[in-house]
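Asker: Sequence:
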Amino acid sequence: MRIGELARRTGVTPRALRYYEEQGLLTPERRPSGYREYGDRDVDAVHGIRTLLAAGLNSAAIAEILPGLPLPGQRQAGPTCPELLDGLARERARITRQMDELAAARAILDAIMGAEAPSEVIRTPRA
DNA sequence: ATTCTAACA
DNA sequence: TGTTAGCA
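With UniProt numbering as the guide, the letters of the first sequence map in order to residues 1 to 127.
Hints are computed from structural coordinates only; laboratory data are not their basis.
C-beta: ideal position from N, C-alpha, C; glycine also.
Certain hints may be false.
What the hints assert, rightly or not - Restraint-style ranges between C-beta atoms, simulated for each label pair: (1) A111 - P14: 21 to 29 Å; (2) A16 - Q98: 18 to 26 Å; (3) I108 - T27: 22 to 30 Å; (4) A107 - P32: 52 to 60 Å; (5) E5 - A107: 40 to 48 Å; (6) A111 - T13: 24 to 32 Å; (7) G11 - L109: 37 to 45 Å; (8) A105 - P32: 48 to 56 Å; (9) E22 - M113: 41 to 49 Å; (10) N58 - L102: 14 to 22 Å.
Given these sequences and hints, build the entire structure.
Answerer: As structure tokens, this is what we get:
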């Protein structure tokens with residue numbers, strides 16, 4: 001598929017898709033026309049990239065672990081060299097701390113909202 | 001109509 | 001990242 005379809009199927013703009021390639025996150029084939037040709041696997045790859053990006057990982061970190069991304073359809077993440085394994089552990093720790101910060105922020109909001117139960121549904125907004 | 005590269009009121 | 005210009 002070409003960039004337009006991948007964009008449609010992932011909700012990511014072609015601009016971002018080209019940027020991911022520039023960052024080494026995606027390596028689509030090229031048609032004689034120069035048009036990028038993506039595979040179905042790239043749809044899942046893009047979703048994974050978005051998730052990792054949203055979690056705060058930089059493109060460099062994502063590019064390194066991309067070949068090990070647990071894509072739906074594959075058994076599991078394949079082999080990962082010890083060097084990167086340490087880096088991943090760091091990212092994981094960072095994300096854990098990030099989760100704690102988010103939990104703290106949510107607690108503040110809960111207090112302000114007078115929420116008794118954290119999983120309570122949002123009340124009707126007042127005037 | 002779609003994609004490509006390059007560049008920026 | 002959006003967006004635009006000028007091509008193919």
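Asker: Now tell me, hint by hint, if it's right for this structure.
Answerer: A quick look at each hint next to the structure:
1. A111 - P14: 21 to 29 Å: Once the Cβ atoms are compared, 44 Å apart, the range 21 to 29 Å for P14 and A111 is violated.
2. A16 - Q98: 18 to 26 Å: holds (23 Å)
3. I108 - T27: 22 to 30 Å: violated (43 Å)
4. A107 - P32: 52 to 60 Å: At 58 Å between Cβs, range holds.
5. E5 - A107: 40 to 48 Å: Given range 40 to 48 Å: holds, Cβ gap about 43 Å.
6. A111 - T13: 24 to 32 Å: violated (38 Å)
7. G11 - L109: 37 to 45 Å: Given about 28 Å between the Cβ atoms, the range is violated.
8. A105 - P32: 48 to 56 Å: holds (52 Å)
9. E22 - M113: 41 to 49 Å: Once the Cβ atoms are compared, 43 Å apart, the range 41 to 49 Å for M113 and E22 holds.
10. N58 - L102: 14 to 22 Å: holds (19 Å)
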